[in-house]
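4 protein chains.
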Amino acid sequence: MSLRDIVQESDTKAGRAFDSVILVLIISSIITVTFETLPDLSPAAKRAFYIFEAVSVVLFTIEYVLRIVTAPKVRSYICSFHGIIDLIAILPFYLSAGFGLLAGIDLRAVRAFRLFRVFRLFKLARFDGAMARFGKAISHAKEEIMIFLFATMILLYLSAVGIYYFEHEAQPEDFGSIIHSLWWALITLTTVGYGDAYPVTVGGKLFTSIILICGLGVVAIPAGIVASALSKVVRNEERRAA
Amino acid sequence: MSLRDIVQESDTKAGRAFDSVILVLIISSIITVTFETLPDLSPAAKRAFYIFEAVSVVLFTIEYVLRIVTAPKVRSYICSFHGIIDLIAILPFYLSAGFGLLAGIDLRAVRAFRLFRVFRLFKLARFDGAMARFGKAISHAKEEIMIFLFATMILLYLSAVGIYYFEHEAQPEDFGSIIHSLWWALITLTTVGYGDAYPVTVGGKLFTSIILICGLGVVAIPAGIVASALSKVVRNEERRAA
Amino acid sequence: MSLRDIVQESDTKAGRAFDSVILVLIISSIITVTFETLPDLSPAAKRAFYIFEAVSVVLFTIEYVLRIVTAPKVRSYICSFHGIIDLIAILPFYLSAGFGLLAGIDLRAVRAFRLFRVFRLFKLARFDGAMARFGKAISHAKEEIMIFLFATMILLYLSAVGIYYFEHEAQPEDFGSIIHSLWWALITLTTVGYGDAYPVTVGGKLFTSIILICGLGVVAIPAGIVASALSKVVRNEERRAA
Amino acid sequence: MSLRDIVQESDTKAGRAFDSVILVLIISSIITVTFETLPDLSPAAKRAFYIFEAVSVVLFTIEYVLRIVTAPKVRSYICSFHGIIDLIAILPFYLSAGFGLLAGIDLRAVRAFRLFRVFRLFKLARFDGAMARFGKAISHAKEEIMIFLFATMILLYLSAVGIYYFEHEAQPEDFGSIIHSLWWALITLTTVGYGDAYPVTVGGKLFTSIILICGLGVVAIPAGIVASALSKVVRNEERRAA
Chain A
1 MSLRDIVQES
11 DTKAGRAFDS
21 VILVLIISSI
31 ITVTFETLPD
41 LSPAAKRAFY
51 IFEAVSVVLF
61 TIEYVLRIVT
71 APKVRSYICS
81 FHGIIDLIAI
91 LPFYLSAGFG
101 LLAGIDLRAV
111 RAFRLFRVFR
121 LFKLARFDGA
131 MARFGKAISH
141 AKEEIMIFLF
151 ATMILLYLSA
161 VGIYYFEHEA
171 QPEDFGSIIH
181 SLWWALITLT
191 TVGYGDAYPV
201 TVGGKLFTSI
211 ILICGLGVVA
221 IPAGIVASAL
231 SKVVRNEERR
241 AA
Chain B
1001 MSLRDIVQES
1011 DTKAGRAFDS
1021 VILVLIISSI
1031 ITVTFETLPD
1041 LSPAAKRAFY
1051 IFEAVSVVLF
1061 TIEYVLRIVT
1071 APKVRSYICS
1081 FHGIIDLIAI
1091 LPFYLSAGFG
1101 LLAGIDLRAV
1111 RAFRLFRVFR
1121 LFKLARFDGA
1131 MARFGKAISH
1141 AKEEIMIFLF
1151 ATMILLYLSA
1161 VGIYYFEHEA
1171 QPEDFGSIIH
1181 SLWWALITLT
1191 TVGYGDAYPV
1201 TVGGKLFTSI
1211 ILICGLGVVA
1221 IPAGIVASAL
1231 SKVVRNEERR
1241 AA
Chain C
2001 MSLRDIVQES
2011 DTKAGRAFDS
2021 VILVLIISSI
2031 ITVTFETLPD
2041 LSPAAKRAFY
2051 IFEAVSVVLF
2061 TIEYVLRIVT
2071 APKVRSYICS
2081 FHGIIDLIAI
2091 LPFYLSAGFG
2101 LLAGIDLRAV
2111 RAFRLFRVFR
2121 LFKLARFDGA
2131 MARFGKAISH
2141 AKEEIMIFLF
2151 ATMILLYLSA
2161 VGIYYFEHEA
2171 QPEDFGSIIH
2181 SLWWALITLT
2191 TVGYGDAYPV
2201 TVGGKLFTSI
2211 ILICGLGVVA
2221 IPAGIVASAL
2231 SKVVRNEERR
2241 AA
Chain D
3001 MSLRDIVQES
3011 DTKAGRAFDS
3021 VILVLIISSI
3031 ITVTFETLPD
3041 LSPAAKRAFY
3051 IFEAVSVVLF
3061 TIEYVLRIVT
3071 APKVRSYICS
3081 FHGIIDLIAI
3091 LPFYLSAGFG
3101 LLAGIDLRAV
3111 RAFRLFRVFR
3121 LFKLARFDGA
3131 MARFGKAISH
3141 AKEEIMIFLF
3151 ATMILLYLSA
3161 VGIYYFEHEA
3171 QPEDFGSIIH
3181 SLWWALITLT
3191 TVGYGDAYPV
3201 TVGGKLFTSI
3211 ILICGLGVVA
3221 IPAGIVASAL
3231 SKVVRNEERR
3241 AA
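Residue numbers (our numbering), protein chains in the order written: chain A, 1 to 242; chain B, 1001 to 1242; chain C, 2001 to 2242; chain D, 3001 to 3242.
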C-alpha cells in the first residue's frame, strides 16, 4: 500500500483511518480554540492549550506536506479551495510565533484565522451526495430566493423609515436615525424580539401591527421555498432510481 | 442611435448603460436620505448631503423630461404608476426649496416623499418574470389568504379581550383596555415577544397557553399557503416549457 | 317582495342590503365594546357608548324577532348555533339593565357575553366555501395534528421538569415548581421569548439548547401539516372542476 | 375470560377498562408529581400527596406483577423497553423508602425517576399507526435532517465566534468566551430572543443582521423537511389503500 493510498483515498481501510485521525484532530483543535477564550484561565491551562495547539499545527503541517507530495497534480491542489483552507489552518500559527520571536510584533489577531479549520469539516466525503442535492435545490429556487431577499431588504428598509418617523422623537436613543431603526426592523421582522427597542407611541404600534401582519410572510417564505425545492430534488432522484 | 433607444430600451448597450446610471443614482440617493437622519452630523456633512440631493434631483429631473420627450404616448406615461412615482421622487425637493425661499414656509416634512424613490427599484425589468409568478401565486391562494387574515384578526381580537379580563386589574398600565391588550396579542401571536407586556396572573398565563397552542398555526399558515402556491406556479411553468 | 325574502335570503338585492346593515351594526357594536374599556373616559363618552349600545341591542332584538317570525321552522332556528349566538348577543343587556333597576344587583360582568357577537361575523355566507375546505383539511390531517399536539404536550412537560431541576435553586421565583416552569417551557418552545424567565445556570442553558434544537420542529410541524392538507383539498377541488 | 385477556389485550371490553384505569392512574400520578414541587405546601397537602403516591405505586406494582404473570414470554417482557419503563416507574419509591427507613440515607433525588412514567403514555396503542408513519417520515428524510442539523451546528458555532470577537470587549459578562456566546447564538437563531444578551456594538449588529438573514432558513428548514416527508408517507398510504 502506497502513501498515496493512505492520504488521498477514503475507501481503503488505511485511508479511512487517516481521515478519522485528521477529523479527531480538527474537532479537538476547534474545541481548544473555543475553550481558550474562557476568561480567568489558569496559567497551567493556557500552557496546555498552547502546547496542544503547537502539536496539532505540526501534525496539520505534516498532513499538508503529505497531501502535496502525494497529489496527482501538485499545483492544482495548492490552488484549490481545500488546499488554501489547509494552508490557512496552519500559516497563522507560524506567522504569529515567528514575528513574535524575531520582531517582537504581536500577531495574536492573525490567529483568528485558525478558525477556518471548521470549514475542513465539510471536506469529509460523507455529505457529498446530500450537499450536491442541496446545491441543486438552491439553484432551482434561485430566482424566488433572490426576489424574497430583495423584498425582505425593501421591507426592512421601509419598516425602518416608518418607525423612525413615528418613534425618533419619543425615543431618540433607540430610534436615533434610519440606520438605528434598521436594527429594530430586523429584530422584529425575524420575530427574534430581544426587547432592547420597541415602539411606545400609538402611531408606532399601529405601524408595527401592519408591518408584522403583512411582513411576516415575506420573511418566512424563503425557508418554505428551499424546503419545497429540496423535496422536489429528492423526488426527482427517486424517480430516476425507480 | 436615437435618444429614444437610450432612454426607453433596456436591451441595447446604451439603454443598459442609461439604466445602470439611474440605478446607481437611485441607490445612492436612498443611502443619502438614510444617512441624513443620523443625529450629530457635522455642518459640512449636512451641506454635502444637501448638495448631493440637489444634484441628484436635477439629474432625476433631466431623466423625467427625457422620458416625457421620448415616450411613445406622453399622456399615458405621465399618468402611469411609473410616471407618478418618477414625479413624486423630484417634486418634494422643488416644493420645499421654493416655498422656503419665497414664503419662508418650512416644508421639510414634504421631503419624506423622496423615499418613494425606493419603489423605482421595482421598475428594473429583471424581476418582471418572477414578479408575475408571485402575483399569480397570490391570486391562486387569494381566498385562503383572506380567510386566514380574517381568522388572524378574530384570534387577535379574542386574545386581546381574554387577556384584558385576566390582566387589567393586575397590570392596569400594560393591559389598560382591549386596545392596549391588542398590542400584547399581536406581539405574542407573531412570537416576537419583546417582553414589554406579558401576563403575570395564573389565569392570564393559562389563557395565553391555550391561545398560543391553538393560535400559532393560524398565524403561521398564510406563509405556508403562499409558498405552496408559488411552487405550484413554478411547476405549471415547467410543465408548459417541457 | 315578502319580509322572508329580505331577512332570510342573501342573494336578492333587499336581502343583501339587510345583511349589510346587520354587518355594519355588529362591527360598530364590537368597536364600541372595545373602546368602552378605555380608562379615563369622560362621562359624556360613557353616556354616548351606553346609548349606542342600547340602540344596537334594540335593533338586534328586532332582527332576532324578525328571524323567528320568518324562519321556516321556528324551533330549529331558536335551538340552532346561530339562534343561540343571536340570543346571547342581546340577553345580557336586558338582564343587566333589568336586575339593576329592579333589584339593584350589578350584573355588569354578564355584559362580557356581548362579545359573542364577534362569532356572528362567521355567519356571513361569503366564507362558507372556504370554511368547508378548511374543515376538510383539518379532518384529513386530524390524526397527525393529534400526535403533534400530544408530542408538544409531552415535550412541554419534560422541558418544564428538566428546567425545574436545573434552575429552581438558582431562581426560586421564576422556577418555583414544575407548574411555574411550564410557563417558561411554553414561552421558549413557541419562540415567543418574553425574557421574563430564562435559565442562568450552565446546566439549564445546556438543557435548553438540546430542548430547542430537538423541540422546535415538533412545535412547528402542525402548521406545516395543516398548510399541506389545505393545499391538497384545493388540488382535489381543481381536479374535480377540470 | 382469563386474566391474560384483561391485562394483555386491548380490544376486549375488560382489556379496555383495565387500560383506562391504568391511564387514569398514570395521568393522576404525573399531576401529583407536578403539584408536589409547589413551594409552601401545607403539611396536610404533603401527606396527601405522599399517600396518593404510595397507593399508586402499590397499584403499579400489582400491574407489573400481573404483566409478568400473564406475559407469553416472561423474560422478553422484563427486558423490553416497556418492561424497563414499568419497573423504573415503581423502583425509586421502594429504594427511597427502604434506604430511608433502614439506613437513614436520603434518596429523594432517586424519586425523580418516577417521571419516566410519562413515557408509559406512549404505550397506549391508539397512536401506533401514526407513530409508525412518523418514524417512516423521519427515516425518509434522515439524510436531509442530518445535513441541516450539521449545518445548524456549524452556523451556531460560527455565529458564536463572530459575535465573540465583536462584543466581548464591550460586554465581557454576556460574551465572555465563545462558549458564553453560543448561548446568544442559539437564542437568536431560534428566534426565541429572551433579551438577556444582545449585541450593542455597530459591528456586532451588522454581523447579527447577516447571520439572521442567511441563517434563519437553515434553522427553519428541518421542520419543513419533516412536514413534507410526513405528507408524502400519508400520500403513499392513500395510494395503497385506493
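Please keep in mind that the hints were generated in silico from the structure rather than gathered at the bench.
Among the hints, erroneous ones may be present.
In the DSSO-like style, the derived pairs of lysine-lysine whose C-alpha atoms are separated by at most 30 Å in a straight line are [as the list claims (entries may be wrong)]:
1. D:LYS3142 to C:LYS2205
2. D:LYS3205 to B:LYS1046
3. D:LYS3142 to A:LYS13
4. D:LYS3232 to C:LYS2142
Quick look at which bits of chain B chain A covers, simulated, 3 or more residues with Cβ under 8 Å [to be verified]:
5. 1034-1040
6. 1177-1190
7. 1230-1236
Here are the simulated distance ranges between beta carbons [to be verified]:
8. C:GLY2135 to B:ARG1240: 55 to 61 Å
9. A:VAL21 to D:VAL3074: 43 to 49 Å
10. D:PHE3052 to C:GLU2169: 45 to 51 Å
11. D:VAL3074 to C:LYS2142: 24 to 30 Å
12. C:ASP2040 to B:SER1042: 41 to 47 Å
13. D:GLY3203 to B:THR1201: 40 to 46 Å
14. C:LYS2142 to D:SER3002: 32 to 38 Å
15. C:PRO2172 to D:GLY3203: 35 to 41 Å
16. B:ARG1004 to A:PRO72: 54 to 60 Å
17. B:LEU1041 to C:GLU2169: 14 to 20 Å
18. C:VAL2069 to B:GLU1169: 30 to 36 Å
Note that beta-carbon positions come from the ideal geometry of N, C-alpha and C, so glycine has one too.
Okay, the hints, checked on the actual structure:
1. Note on D:LYS3142 and C:LYS2205: the hinted pairing holds, with a Cα-Cα distance of about 27 Å set against a maximum of 30 Å.
2. Using a Cα cut-off of 30 Å, the hinted pair D:LYS3205 and B:LYS1046 holds, with the two alpha carbons roughly 25 Å apart.
3. For the given pair, D:LYS3142 sits about 26 Å from A:LYS13 by alpha-carbon distance, which is consistent with the 30 Å threshold.
4. A C-alpha spacing of about 16 Å is found between D:LYS3232 and C:LYS2142, which places the hinted pair at or below 30 Å, so the restraint holds.
5. Check on the segment 1034-1040 of chain B: 5 of its residues sit with their Cβ under 8 Å from a Cβ of chain A, so the three-residue criterion for coverage holds.
6. Coverage of a stretch by a chain is defined here by at least three residues with a beta carbon nearer than 8 Å to that chain's beta carbons; for the segment 1177-1190 of chain B and chain A the count is 5, and the condition holds.
7. Figure legend: the segment 1230-1236 of chain B, annotated as covered by chain A; annotation consistent (3 residues with Cβ-Cβ distances under 8 Å, at least 3 required).
8. The beta-carbon spacing between C:GLY2135 and B:ARG1240, approximately 34 Å, falls outside the hinted interval of 55 to 61 Å.
9. Take A:VAL21 and D:VAL3074: their Cβ atoms lie about 48 Å apart, and the range 43 to 49 Å holds.
10. Taking 45 to 51 Å as the suggested C-beta distance range, the pair D:PHE3052 and C:GLU2169 does not conform, at roughly 26 Å.
11. Between D:VAL3074 and C:LYS2142 the beta carbon distance is about 39 Å. The supplied range of 24 to 30 Å is therefore violated.
12. Taking the beta carbon of each, C:ASP2040 and B:SER1042 are about 45 Å apart, inside 41 to 47 Å as hinted.
13. Distance hint for D:GLY3203 and B:THR1201: a CB-CB separation of about 42 Å, consistent with the stated range 40 to 46 Å.
14. Between C:LYS2142 and D:SER3002 the beta carbon distance is about 36 Å. The supplied range of 32 to 38 Å therefore holds.
15. Remark: the range hint 35 to 41 Å for C:PRO2172 to D:GLY3203 is upheld by a beta-carbon distance near 38 Å.
16. At about 58 Å, the beta-carbon gap between B:ARG1004 and A:PRO72 stays in the expected band of 54 to 60 Å.
17. Remark: the range hint 14 to 20 Å for B:LEU1041 to C:GLU2169 is contradicted by a beta-carbon distance near 52 Å.
18. Remark: the range hint 30 to 36 Å for C:VAL2069 to B:GLU1169 is contradicted by a beta-carbon distance near 43 Å.
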